[in-house]
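Chemist: Between the sequences and the hints, there should be enough to build the whole structure, so can you do that?
In order, the protein sequence lines correspond to chains A and B. If you count the first sequence from 1, position 89 lands on 89 in full-length UniProt numbering, and the numbers rise without skipping. If you count the second sequence from 1, position 159 lands on 159 in full-length UniProt numbering, and the numbers rise without skipping.
Bear in mind the hints are in silico, worked out from the structure with no lab data behind them. Computed from a prediction, not measured in an experiment: that's the story for all the values here. All C-beta atoms in this analysis are idealised placements derived from N, C-alpha and C, irrespective of residue type, glycine included. It is possible that part of the hints are untrue.
[To be verified] So the derived list for chain B, only partly shown, Cβ under 7 Å to chain A, looks like this:
#: 1; residue: N22
#: 2; residue: I29
#: 3; residue: M32
#: 4; residue: A33
#: 5; residue: F37
#: 6; residue: A44
#: 7; residue: M46
#: 8; residue: A50
#: 9; residue: M130
#: 10; residue: A137
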Amino acid sequence: MADTATATAVDHHDDHGHSESFWSKYIFSTDHKIIGFQYLFTGMAMGLIGGFFSYVFRMHLAFPGSEVPFFGIVSPAAYNSLVTNHGTIMIFWVAMPVLIAALGNFLIPLMIGCDDMVFPRINRLSYQIFLISAIVLIASFFVPQGGFGGAWTAYPPLSSEAEYNGTPFGAPMWLIAVTLEIVAFLLGGINFITTVMNARAKGMKLYDIPMVVWMIVIASILFMASVGPLVAGAVMLLFDQTLGTGFFDPAAGGDPVLWQHLFWFFGHPEVYVVLLPAMGVVIEIICTFARKKLFGYKMILYSSVGLGILSFFVWAHHQFISGVDPRATYLFTTTTLLISIPVALMLFAMIGTLWGGSIRFTTAMLFALSFIAEFLIGGVTGIWLGSSGTDIYLHDTYFVLAHFHYTFVPIAIIGTFSALYYWFPKMFGRKLNEFWGKIHFWGTIIPFNGIFLPLFILGAAGQHRRIAGYTAYPDLYTENFQDLRVFATGSLIVLILFQIPFFVNFIVSLKRGQKAGPNPWNANTLEWVAPSPPPHGNFGDDLPQVYRGPYEFSVEGREEDYWPQNEPDPGPSETSK
Amino acid sequence: MRYAEAGLSAEGGSSKEPIFSNSVLGVIIFIMAEVMFFLGLISAFMISKANAVEWPPVGQPRLPVEATAFNTAILLLSGVTMYLTGRAFDREGFSSKSKMLFLVTLGLGTFFVVFQGFEWARILSDGLTMQSGNYGAFFYLIIGAHAIHAVGSLIAQGRLFWKFRKGTLRLQSFRAGQTFWYFVVGVWPVLYYLVYLD
Chain A
1 MADTATATAV DHHDDHGHSE SFWSKYIFST DHKIIGFQYL FTGMAMGLIG GFFSYVFRMH
61 LAFPGSEVPF FGIVSPAAYN SLVTNHGTIM IFWVAMPVLI AALGNFLIPL MIGCDDMVFP
121 RINRLSYQIF LISAIVLIAS FFVPQGGFGG AWTAYPPLSS EAEYNGTPFG APMWLIAVTL
181 EIVAFLLGGI NFITTVMNAR AKGMKLYDIP MVVWMIVIAS ILFMASVGPL VAGAVMLLFD
241 QTLGTGFFDP AAGGDPVLWQ HLFWFFGHPE VYVVLLPAMG VVIEIICTFA RKKLFGYKMI
301 LYSSVGLGIL SFFVWAHHQF ISGVDPRATY LFTTTTLLIS IPVALMLFAM IGTLWGGSIR
361 FTTAMLFALS FIAEFLIGGV TGIWLGSSGT DIYLHDTYFV LAHFHYTFVP IAIIGTFSAL
421 YYWFPKMFGR KLNEFWGKIH FWGTIIPFNG IFLPLFILGA AGQHRRIAGY TAYPDLYTEN
481 FQDLRVFATG SLIVLILFQI PFFVNFIVSL KRGQKAGPNP WNANTLEWVA PSPPPHGNFG
541 DDLPQVYRGP YEFSVEGREE DYWPQNEPDP GPSETSK
Chain B
1 MRYAEAGLSA EGGSSKEPIF SNSVLGVIIF IMAEVMFFLG LISAFMISKA NAVEWPPVGQ
61 PRLPVEATAF NTAILLLSGV TMYLTGRAFD REGFSSKSKM LFLVTLGLGT FFVVFQGFEW
121 ARILSDGLTM QSGNYGAFFY LIIGAHAIHA VGSLIAQGRL FWKFRKGTLR LQSFRAGQTF
181 WYFVVGVWPV LYYLVYLD
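Modeler: In structure tokens, the structure reads:
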């Protein structure tokens, strides 16, 4: 059935006929879905690299001095390079491409009922620049002295002086790769915002836009508004590394703390740039599988706008021990604690949506529910780090590390998996296997807590997060602490092993999964109107028209418990809505 | 792409005309990011300036304040002619008046960039380089960032003008180029005041 729909749509667009080669169809396509897949698969491949790095340095921490299988002995320089690039890859090359670029590209035109992005060629250029940036980063691992080893935050002088970071070639390549990646996302963000503002389906008002689309748009705006200072700082740092300027060198009249300001002015909003799309995904899934209308659509929307504005005034909470004026730390503590209010509102709205719903525990729903629980742990532990008094003690310990992994893993891993289990039928026309999906779910969630709960204890005990080997610190190399490190590493290996069922499930389901119709979950939003997988042009000749909001589930007086956005009202006599 | 390409949402799109066409909205969002980029540079510059013992440092060449003031006037004038070009193009289409105004805008913009280039060559020969301290480094960084934007915008305008001569230029594409040139013109007085005067 899907095939005939594809054929008619392809006939209609004869400029994209059957004779297309593999290259023009999948590599140089301007179709938003293909570009979404390109981002998705590149992001997943980079995720494998980033995951492998974490395996190597966790093994090294658990068994210092012994050879790590598939890698060898981890030298301190290699350790620095591994942790730096693990962080960089996971944020810039996994979380952002998968959550914003892949989901945004795939979902936005489908969910707002149009046939493609408004700037399809800019969209293609965006992916190409992104791919180049990934290649530059991977190439930087193979230059003499290896990839950049100055931590992903790249504080000067560690990042600007080659004799400190030990990577004279890796450091500029890392900066160039990050800058290219940012350019790619600027182009993508322009596309997302313009498309949603100008190309919505007929009748779709601003409050009829599905939440995940709103979230991706707000995240794009946040990204656009925050990234400028980082680019400025990156150019200055690159000049410091290569041209011999001294922007961040006190000896030449520069200021190293200046970089921290420029970096964190971007770095903190960046957390919300990846958080908001994940929140959007979770909201969509919770509404569909609780069969209930979203609790507080406008409240969530306004909260996320408020969150975005507040996120520009919290950056110095990363710098409480960098010599920032104590009066300023007081201000930043206040704004940081304030920002928990909009986040909490959004989480409460999700829980409010569940209340009284008829909940269906599909794999996507399980991941979405676990997002709420795990992200809450991440948010609550942030209170100690946002308060300048406690942060002075906890700064740069494993407590910080565990805290932000409790935010980023729910965002980037759990959020992505829930989105994949939910939209896989739309992407590829077949469902993922639910049984193996649930095994994958429990095999991901339990070891994830097994990794990072022990690290909270280690961090509270004072273990610093950037030290390659603890054998030189006898009071932190006790048997108790080492057991916790081994436990965390063991959990990581279990987590990695449980990803194998997922990849097998993914590949097998592409060909053999249960066939899904256009609307396998009985959801309301417009992407479920298009055939699965949607053909080029998405909806065929007639673009859908929108009559109501996206979350009209279990409306009284209707036979079905869902009410698609494109279904016209039955007439004034039957309903008063 | 069907209505997206045309920049309209009338056919199957939202019922109301969008406030900004696609290309202008895209450029506005891009300018928003650019403003933040320049704010990053400016704030870094102001912090370094405030930390410096002496600004400008003794024994370093001074910047050409008067010559650049003249050049600033040229750039502002090109902004005015750009506005007039847009008005003429909107009212009369591909007329000789709009063509003449477009050419004048291009000429004034090119003059600005070339004049700046000569000034740079002179300052460089006076011995102010990026390595001679933060004063020179920030000068070349900020003014160079603006120069890259001006050159890029001029190249884009050249392409628009080529389409204009062929008679295939759409008003929306012109508006996008025009909006970006307003940004290039508008940010310059701020940079001139902060870097040259203050």
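Chemist: If a hint holds in the structure, say so; if it doesn't, say that too.
Modeler: Hint-by-hint comparison with the structure:
1. N22: Holds, about 5 Å.
2. I29: holds (5 Å)
3. M32: This hint holds: B/M32 lies near chain A, its Cβ roughly 6 Å from the closest one there, short of 7 Å.
4. A33: holds (4 Å)
5. F37: It holds, given that the least Cβ distance between B/F37 and chain A is near 4 Å, below 7 Å.
6. A44: holds (6 Å)
7. M46: violated (10 Å)
8. A50: violated (10 Å)
9. M130: Holds, about 5 Å.
10. A137: holds (4 Å)
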